[in-house]
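Use the sequences and the hints to build the structure in full.
Chain residues, written in single-letter form:
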Amino acid sequence: MTAPSRIVPGASTSQPLLRVEDLSVVFQRKGEAATRAVDGVTFSVGPGQTLGLVGESGCGKSVTSLAIMGLLPQRGVKVSGAVYFEDRNLLELSDGELRDLRGAEIAMIFQDPLSALNPVIPIGIQVTEVLTRHRDMKGDAARAEAVNLLDRVGIPDPKRRLTEYPHQLSGGMRQRALIAMALACQPRLLIADEPTTALDVTIQAQILELLRELVVGSDTALVLITHDLGVVAGLCDTVHVMYAGRIIENADRREIFYNGRHPYTGGLLGSIPRLDAVRGETLHPIRGSARDAIPWVEGCAFAPRCDHVQDDCIGQPPPLGTIAGGHLLRCLHPLAKSELPQTETLETIL
Amino acid sequence: MSMPVGTVDDGRTRAAAGEVLLDVEGLKVYFPIRSGIFFDRTIGHVKAVDGVDLSIRRGETYGLVGESGCGKSTFGRGILRLNEPTEGKVIFDGVDVASIDGEALRSMRRRMQMIFQDPLSSLDPRQNIESIMSEGMHAHGLGGNGSARRTRITELLEAVGMSASALRRYPHEFSGGQRQRIGIARALAVEPDLIVADEPVSALDVSVQAQVINLLEKLQGEFGLTYLVIAHDLAVVRHISDTVGVMYLGRLVEQAPSDDLYAEPLHPYTRALMSAVPVPDPEVEDRRERILLAGDLPSPANPPTGCRFHTRCPWRQETRCDDEEPQLRGLTTTSSGVASVTSPSTSTAEPPHPAGPGTGDSVVPKAPHLVACHWAEQIRDGHIRAKSAEQVAADQGVYIAAEGGLEPETLIDAGRDPF
Chain E
1 MTAPSRIVPG ASTSQPLLRV EDLSVVFQRK GEAATRAVDG VTFSVGPGQT
51 LGLVGESGCG KSVTSLAIMG LLPQRGVKVS GAVYFEDRNL LELSDGELRD
101 LRGAEIAMIF QDPLSALNPV IPIGIQVTEV LTRHRDMKGD AARAEAVNLL
151 DRVGIPDPKR RLTEYPHQLS GGMRQRALIA MALACQPRLL IADEPTTALD
201 VTIQAQILEL LRELVVGSDT ALVLITHDLG VVAGLCDTVH VMYAGRIIEN
251 ADRREIFYNG RHPYTGGLLG SIPRLDAVRG ETLHPIRGSA RDAIPWVEGC
301 AFAPRCDHVQ DDCIGQPPPL GTIAGGHLLR CLHPLAKSEL PQTETLETIL
Chain R
1 MSMPVGTVDD GRTRAAAGEV LLDVEGLKVY FPIRSGIFFD RTIGHVKAVD
51 GVDLSIRRGE TYGLVGESGC GKSTFGRGIL RLNEPTEGKV IFDGVDVASI
101 DGEALRSMRR RMQMIFQDPL SSLDPRQNIE SIMSEGMHAH GLGGNGSARR
151 TRITELLEAV GMSASALRRY PHEFSGGQRQ RIGIARALAV EPDLIVADEP
201 VSALDVSVQA QVINLLEKLQ GEFGLTYLVI AHDLAVVRHI SDTVGVMYLG
251 RLVEQAPSDD LYAEPLHPYT RALMSAVPVP DPEVEDRRER ILLAGDLPSP
301 ANPPTGCRFH TRCPWRQETR CDDEEPQLRG LTTTSSGVAS VTSPSTSTAE
351 PPHPAGPGTG DSVVPKAPHL VACHWAEQIR DGHIRAKSAE QVAADQGVYI
401 AAEGGLEPET LIDAGRDPF
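If you're matching them up, the sequences are chains E and R in order. Residues in the first sequence are numbered from 1 upward in steps of one, following our numbering. Residues in the second sequence are numbered from 1 upward in steps of one, following our numbering.
Keep in mind that the hints were calculated from the coordinates and are not lab data. Don't take every hint at face value.
Below, in silico cross-link-like pairs of lysine to aspartate or glutamate (EDC-like), each with a Cα-Cα straight-line distance of 20 angstroms or less [stated by the list, open to error]:
{"hint": "1", "chain 1": "E", "residue 1": "337", "chain 2": "R", "residue 2": "283"}
{"hint": "2", "chain 1": "R", "residue 1": "218", "chain 2": "E", "residue 2": "281"}
{"hint": "3", "chain 1": "R", "residue 1": "28", "chain 2": "R", "residue 2": "96"}
Here are the simulated distance ranges between beta carbons [as the list claims (entries may be wrong)]:
{"hint": "4", "chain 1": "E", "residue 1": "118", "chain 2": "R", "residue 2": "34", "range": "28 to 34 angstroms"}
{"hint": "5", "chain 1": "R", "residue 1": "287", "chain 2": "E", "residue 2": "35", "range": "40 to 46 angstroms"}
{"hint": "6", "chain 1": "E", "residue 1": "291", "chain 2": "R", "residue 2": "168", "range": "17 to 23 angstroms"}
{"hint": "7", "chain 1": "E", "residue 1": "114", "chain 2": "R", "residue 2": "34", "range": "22 to 28 angstroms"}
{"hint": "8", "chain 1": "E", "residue 1": "30", "chain 2": "R", "residue 2": "158", "range": "39 to 45 angstroms"}
{"hint": "9", "chain 1": "E", "residue 1": "31", "chain 2": "R", "residue 2": "33", "range": "51 to 57 angstroms"}
All C-beta atoms, glycine included, are put in the ideal place defined by N, C-alpha and C.
Dropping the structure here:
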């Protein structure tokens with residue numbers, strides 16, 4: 001495997017491509033209580049960088065991506081904050097301006113390729129649609145480029161595949177087709193929302209390798225949204241852990257995995273059975289479920305599930321503070337370094 | 001927790017711990033492919049399970065792994081006869097389940113219960129928890145009446161970590177993890193010997209997955225259960241299983257004690273599968289070498305001849321692989337044991353727990369390491385080199401993983417003398 005010695009460009013040294021500042025998304029329907037799905041999320045990602053947004057279901061990671069793309073429904077949703085793509089605030093653009101950007105400069109890969117592709121239109125037309133819309137390509141030129149794209153993402157016999165419908169493709173090939181569409185205009189920002197969750201591990205390995213090649217050494221930025229810390233460990237430069245709509249910890253990937261300080265981060269790491277761990281060790285799950293979160297205004301949302309909870313955790317929300325260079329943490333009583341689950345690992349052929 | 005649950009007295013003599021509880025021989029489950037409007041002709045079969053032999057000892061956890069479409073779920077359902085087996089024997093505690101019918105089958109099913117993947121769709125939304133739990137008990141005449149049964153249900157709910165306040169509530173009122181606990185409690189309500197858990201945690205969040213895995217291990221000790229755990233997640237399966245079987249396209253390709261399988265996967269498919277599982281550790285991720293497979297799973301309606309994996313196998317040879325079907329066989333172990341061939345540190349690092357977690361004091365004899373590959377020894381000893389995914393793809397005319405993927409020499413560090 002290519003094991004690039006990745007240099008993480010710090011936010012200060014390189015101009016970020018995407019800057020999300022204090023992004024909040026509130027869902028409110030008439031007569032019902034408001035739900036704050038995303039609550040003051042701030043992050044930035046530069047060219048050639050991969051940023052991981054990690055959390056369990058309901059933590060707001062997908063809503064964050066939809067808000068960046070401007071894909072949330074107009075009604076009943078309040079989006080505040082700012083999303084800067086270079087110098088333009090995406091939240092202030094008109095629908096037409098956004099449409100010019102989406103697909104061309106910013107592209108998205110969704111979790112379930114079968115529901116993201118139109119089932120009654122052949123793959124070829126769906127791919128050439130992007131080319132026609134953004135690159136003014138028509139007819140044979142567009143088709144040739146589509147063949148080229150499908151070939152690039154590893155779809156065999158791309159000419160024949162162009163005429164096929166999504167249901168005729170396997171799950172891995174559908175995801176490749178979706179990636180081909182996302183790449184059609186060489187976007188500078190790629191947002192992948194659980195791109196491999198619906199796939200088998202061997203196919204997942206193929207797709208992750210493809211994404212890695214697209215980003216490393218290019219000037220494309222990738223925002224990877226996932227619940228799988230294993231995927232993050234292999235692909236992301238920086239990791240943001242989300243819980244109940246807020247970022248609770250942020251650091252580069254080594255720092256998160258070897259020096260993660262938030263009890264939730266530690267809990268996630270302790271919950272995963274590792275393939276290379278000594279067998280027979282019990283897992284250390286987090287008690288309760290994400291449903292037990294309390295609103296951030298009443299204290300730390302994780303407090304009801306936290307083993308480190310103390311009296312001052314309830315009352316006011318803990319601030320997001322810097323504990324070391326670039327390591328941000330939202331916790332009053334963090335784990336000591338030694339408290340991170342230590343896994344005894346075995347040597348193996350892997 | 002002292003409960004009279006573990007002791008079932010139904011007049012049957014139960015196999016002692018360590019004895020074979022379930023013995024499956026040559027199980028085949030085919031689904032007909034029909035065509036035509038007037039004449040419902042069968043034009044072929046999807047061979048979901050195509051001749052699988054395995055046996056599970058009492059108190060053991062057998063983990064069955066494979067990717068979607070490999071037939072692992074159908075196998076589990078075939079054992080319980082939720083899908084009728086086409087051929088083969090399923091001998092459960094001395095009785096061939098495939099040959100019994102009616103009342104005999106019904107009472108046999110009490111002893112084999114299933115936990116399903118999606119807890120919401122496997123619980124009736126219109127029944128409250130008490131009603132869901134008591135249905136099976138009622139059908140099998142267990143747990144007495146009225147208040148005695150309720151006490152029993154409360155005990156079971158406590159055993160899975162839920163309170164009695166759940167009795168009157170409905171499935172939609174619970175979170176995914178709680179629903180899965182209810183599904184487990186329901187399976188336990190009829191005092192089964194064998195529990196077939198089909199993807200018991202894959203629909204759950206990571207932190208909740210670990211709770212359910214720990215719960216399954218705890219219950220195994222308390223209730224003296226035998227598990228068949230079916231899952232796609234190799235890490236989860238390895239964590240809870242004593243023996244692991246790897247399925248590919250309806251066939252078992254490798255079976256070994258959990259630690260042996262991990263220490264030295266012998267089948268090329270197992271190797272690829274294990275190398276594809278992401279590990280939450282950046283250093284491991286950077287260091288490890290992935291074996292990328294070419295293409296997708298072939299159609300089980302028309303499986304490849306010979307070894308079913310030969311179309312994607314990086315170690316495919318010109319002879320035998322294409323036309324000779326490999327059988328599961330035990331590999332001759334070296335004097336220091338199979339596990340020590342490539343990783344001598346394993347045997348020393350291993351804690352002495354032959355029974356694995358949750359099996360209590362029942363010591364399960366170690367199963368042999370079986371593999372269905374003609375060239376397993378040569379691959380193990382590094383006499384055969386792996387080809388890159390591109391080469392396999394070019395040979396087979398299937399698509400490849402990624403453009404400019406791996407250099408062949410970085411793929412697997414197996415290179416000594418070419419065979």
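Verification of the supplied hints:
At roughly 18 angstroms between alpha-carbon atoms, residue 337/E and residue 283/R fall within 20 angstroms of each other, so this suggested pair holds. A threshold of 20 angstroms between alpha carbons decides the hint, and for residue 218/R with residue 281/E the separation of about 13 angstroms falls inside it, so the pair holds. Using a Cα cut-off of 20 angstroms, the hinted pair residue 28/R and residue 96/R holds, with the two alpha carbons roughly 15 angstroms apart. The hinted range of 28 to 34 angstroms is satisfied by residue 118/E and residue 34/R, whose Cβ atoms lie roughly 29 angstroms apart.
In this structure the supplied range 40 to 46 angstroms holds for residue 287/R paired with residue 35/E, their Cβ-Cβ distance being about 43 angstroms. Between residue 291/E and residue 168/R the CB atoms are about 19 angstroms apart, so this pair conforms to the stated range of 17 to 23 angstroms. Between residue 114/E and residue 34/R the beta carbons are some 24 angstroms apart, a value that agrees with the proposed interval 22 to 28 angstroms. Look at residue 30/E against residue 158/R: about 43 angstroms separates their beta carbons, and that is inside 39 to 45 angstroms.
At about 52 angstroms, the CB distance of residue 31/E to residue 33/R agrees with the hint of 51 to 57 angstroms.
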